[in-house]
Amino acid sequence: MTVISDQDGRDLAALKRQSVSLRSLKSSVSYLVLTLFTIISVGPAIYIVSPAFRESKSLFSYPPQWLPNELYLGNFEFLLTETNYVRWAINTLIFATSVTLIALVIDTLAGYAFARMQFPLKRTLFGLVLATLMVPTAAVLAPTYLLVRLLDDWTFGIVGIDTFPGLILPMTVSPLGVFMMRQFIETLPPGLYEAARIDGAGEWRIFTRIVLPLLKPAIVVLGIFVFMMQWANLLWPLVATTRDETRVLTVGISTLQGQFVTNWGVIAAATLMTLIPITIVFLFFQKWFVQASVAGALKQ
Amino acid sequence: MAEVIVRQLTKSFGDNTVVKSVSLKADDGEFLVLLGPSGCGKSTILRLVAGLEEPTSGEIVIDGKIVNFVSPMKRNAAFVFQNYALYPHMTVFKNIAFPLATARMAKAEMNVAVQEAARILELSHLLDRLPSQLSGGQRQRVALARAIVRKPAVFLMDEPLSNLDAQLRQQTRLELMDLHQRLGITTIYVTHDQVEAMTMGDRIAILRDGELQQVASPLETYEQPANTFVARFMGAPPMNLVPVTVEGSGLSWKASGAGGLIDLDLNAMGIAQSIISVHASETLKLGVRPEHLSLAAVGRGLSGKVRFVERTGSETFVTVQMGDENVVVRCSAHESASVGEQVGLNVRIAQAQLFRADGRNLRTN
Chain A
819 MTVISDQDGR
829 DLAALKRQSV
839 SLRSLKSSVS
849 YLVLTLFTII
859 SVGPAIYIVS
869 PAFRESKSLF
879 SYPPQWLPNE
889 LYLGNFEFLL
899 TETNYVRWAI
909 NTLIFATSVT
919 LIALVIDTLA
929 GYAFARMQFP
939 LKRTLFGLVL
949 ATLMVPTAAV
959 LAPTYLLVRL
969 LDDWTFGIVG
979 IDTFPGLILP
989 MTVSPLGVFM
999 MRQFIETLPP
1009 GLYEAARIDG
1019 AGEWRIFTRI
1029 VLPLLKPAIV
1039 VLGIFVFMMQ
1049 WANLLWPLVA
1059 TTRDETRVLT
1069 VGISTLQGQF
1079 VTNWGVIAAA
1089 TLMTLIPITI
1099 VFLFFQKWFV
1109 QASVAGALKQ
Chain B
14 MAEVIVRQLT
24 KSFGDNTVVK
34 SVSLKADDGE
44 FLVLLGPSGC
54 GKSTILRLVA
64 GLEEPTSGEI
74 VIDGKIVNFV
84 SPMKRNAAFV
94 FQNYALYPHM
104 TVFKNIAFPL
114 ATARMAKAEM
124 NVAVQEAARI
134 LELSHLLDRL
144 PSQLSGGQRQ
154 RVALARAIVR
164 KPAVFLMDEP
174 LSNLDAQLRQ
184 QTRLELMDLH
194 QRLGITTIYV
204 THDQVEAMTM
214 GDRIAILRDG
224 ELQQVASPLE
234 TYEQPANTFV
244 ARFMGAPPMN
254 LVPVTVEGSG
264 LSWKASGAGG
274 LIDLDLNAMG
284 IAQSIISVHA
294 SETLKLGVRP
304 EHLSLAAVGR
314 GLSGKVRFVE
324 RTGSETFVTV
334 QMGDENVVVR
344 CSAHESASVG
354 EQVGLNVRIA
364 QAQLFRADGR
374 NLRTN
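Protein chains in written order, with the numbering used here: chain A, 819 to 1118; chain B, 14 to 378.
One thing to keep in mind: the hints can contain errors.
What the hints assert, rightly or not - Just the calculated beta-carbon pair ranges, DEER-fashion:
#, chain 1, residue 1, chain 2, residue 2, range
1, A, 936, B, 195, 37 to 45 Å
2, B, 67, A, 972, 42 to 50 Å
3, B, 149, A, 1104, 42 to 50 Å
4, B, 132, A, 1050, 55 to 63 Å
5, B, 149, A, 1046, 48 to 56 Å
6, A, 940, B, 256, 50 to 58 Å
7, A, 936, B, 33, 24 to 32 Å
8, A, 936, B, 370, 41 to 49 Å
9, B, 33, A, 950, 43 to 51 Å
10, A, 842, B, 327, 56 to 64 Å
11, A, 950, B, 67, 31 to 39 Å
12, B, 89, A, 936, 52 to 60 Å
13, B, 84, A, 852, 54 to 62 Å
Unchecked claim - The list that follows gives simulated cross-link-like pairs (lysine to aspartate or glutamate, EDC-like), each with its CA atoms no further than 20 Å apart:
#, chain 1, residue 1, chain 2, residue 2
14, B, 107, A, 1021
15, B, 87, A, 1012
16, B, 78, B, 43
17, B, 267, B, 215
18, B, 107, A, 826
19, B, 87, A, 1021
Hints are computed from structural coordinates only; laboratory data are not their basis.
Given the structure is predicted, the values throughout are model-derived calculations rather than measurements.
Built from N, CA and C at the ideal position, the CB exists for glycine as well.
Taking the hints into account, I'd like the entire structure generated from these sequences.
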């Protein structure tokens, strides 16, 4: 039997103290870094709240005023009565929802095909899909614009500039979504497909009855991603819309900026109102989001 | 019910041939076990029969029809997977009903069929549960219920018990045998566990490196293995194989090995003198099961030194070293042999096997 002497005991206690202080140092540094990143990412969103409830003239007062003396709702009133904010919001909802739904259909089907089906040039095609991930959106803006203008003639104005199909369709193709769905589908056990095939299910039934229900968390995550990206999309809607009938919030808000005078209070209020729905969507689906993020990390 | 025949079946994945010209037949209502070590091609044969893989060459016949180009669902064969392959988002009811729903069976009829399958496998109280809420044994029963609900002509089972613990495996083994007796459906069962094969199969087909080694009843594979591979694979501890040279003429033949001389009673062993005289110049292998050896006083026969004594409670295994070879002797629980002791060995020669240099059994080949 080993006997622990007093000296050994003191050494153990010192080692324990050393390990505890090292751990607290590590955790302090982690908290510091995390706090810094939180301030950088959340700061602008919080900063927008105060100007939204203040008159524009008070925004540039000296010394700077961080909190309003009273809640001024004039900016919101101006937005709702003097601008087309409601129309832009409805347009944004139509745009983001349509893109999300269509993208989900395309991405899940393409992801399934790449993950499970055998067809000629499969690897090459998937390589091409991945390659498009590396092309920046701005680089394809002009060709996309030209294509949609051409489609305007070919489709007798159904798909064109200043139309919803013209605004929506180019955004529905997302290589990231195809890649993500393919990866999720590949994690499903092959035995499920084989069992379903033996049970008499064809490809479509396997996709709709077995794969889609199991993909629910991935679909929700991709849906939130796409919806959030399109809700905040400025570049393509700016190019593809010139009239309020099809303008979305991001483009609409940018038109509030005058050449000489800008009502920053109104812009802050518009930004705040634009942020609220997307925050609610995220909070509502947060549980699914976390669930999908850890999917595959845990033993099934 | 149906018979299943595979003729000259070969399957290659690229340059790797995993099934090499295998011909087999499972009779109507038979329980045929495919047995072999990992990578011997037994699961591939099952998947080929099921239609989950396409053969490189050869024929698969189910119920008199060549099914090489028939889709898995039309082969009328149900497959039970090693990992159960239950649909995790469906309840037990929906899992069992899935093949019927796919076949567009009327709801009332489907309900009756599912209830019947659930009753047979004692799952009636679990129909509303999800697979994640079931134990391993219950999941396996759901997989079986999903297989029987279609009333298939053939059952194909790919190591269905290997994910269960020892106790549950034994219980489920009995349930499977009972199910087979009640339904009488032709079953091809893949396993690497020779105890499962021995206890369940009407016949066992033993495979090695994609080649068929022997197809016979469990007792025959144990008592008269076709070659040294089968001799070593069947039985735990495996058959003792001792290199010997034989010499003699007429009725007097002797095997001489490192441990001494043994009289070979060729009549009792069922070996023709003409056969043994052809192979007398080769180094043969004498195969003796541990239960066909017994410890004796040191005499003119085999002898050696005790190296290990392993007691299991019901019996004792004594390992005896004879020259470079170790042989295991199955003794009674209270055998008093001790390590280091010099002992003699008696051989029940009528049960012993003699293998050629290439491994084939002289008694059967």
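Outcome of the hint check:
Evaluation of the 37 to 45 Å hint for residue 936 of chain A and residue 195 of chain B yields a pass: the beta carbon distance comes to about 40 Å. Here the CB-CB span from residue 67 of chain B to residue 972 of chain A is close to 44 Å, well matched to the stated 42 to 50 Å. Here the CB-CB span from residue 149 of chain B to residue 1104 of chain A is close to 34 Å, at odds with the stated 42 to 50 Å. In this structure the hint that residue 132 of chain B and residue 1050 of chain A lie 55 to 63 Å apart at CB holds, the actual value being about 57 Å.
Here the CB-CB span from residue 149 of chain B to residue 1046 of chain A is close to 42 Å, at odds with the stated 48 to 56 Å. As the Cβ distance of residue 940 of chain A to residue 256 of chain B is approximately 55 Å, the hint placing it in 50 to 58 Å holds. Taken as a hint, the range 24 to 32 Å holds for the pair residue 936 of chain A and residue 33 of chain B, whose Cβ atoms sit roughly 25 Å apart. At roughly 47 Å, the beta-carbon separation of residue 936 of chain A and residue 370 of chain B lies within the given 41 to 49 Å, and the hint holds.
Distance hint for residue 33 of chain B and residue 950 of chain A: a CB-CB separation of about 46 Å, consistent with the stated range 43 to 51 Å. Restraint check, residue 842 of chain A to residue 327 of chain B: a C-beta distance of roughly 59 Å satisfies the suggested window 56 to 64 Å. The given range of 31 to 39 Å is respected by residue 950 of chain A and residue 67 of chain B, whose C-beta atoms sit roughly 34 Å from each other. A beta carbon spacing of about 25 Å between residue 89 of chain B and residue 936 of chain A contradicts the range 52 to 60 Å that was offered as a hint.
Between residue 84 of chain B and residue 852 of chain A the Cβ separation comes to about 55 Å, which falls inside the hinted range of 54 to 62 Å. About 19 Å separates the Cα atoms of residue 107 of chain B and residue 1021 of chain A, which keeps this hinted pair within 20 Å; it holds. Using a Cα cut-off of 20 Å, the hinted pair residue 87 of chain B and residue 1012 of chain A holds, with the two alpha carbons roughly 14 Å apart. The hinted pair formed by residue 78 of chain B and residue 43 of chain B meets the criterion: a straight-line CA distance of about 18 Å does not exceed 20 Å.
Taking the CA atoms of residue 267 of chain B and residue 215 of chain B, the gap is near 37 Å; set against the 20 Å cutoff, the hint is violated. Distance check on the hinted pair: residue 107 of chain B and residue 826 of chain A sit about 64 Å apart at the alpha-carbon level, beyond 20 Å; violated. Between the alpha carbons of residue 87 of chain B and residue 1021 of chain A the distance comes to roughly 15 Å, so the proposed pair stays at or under 20 Å and holds.
In this structure, the hints that do not hold are numbers 3, 5, 12, 17 and 18, in rising order.
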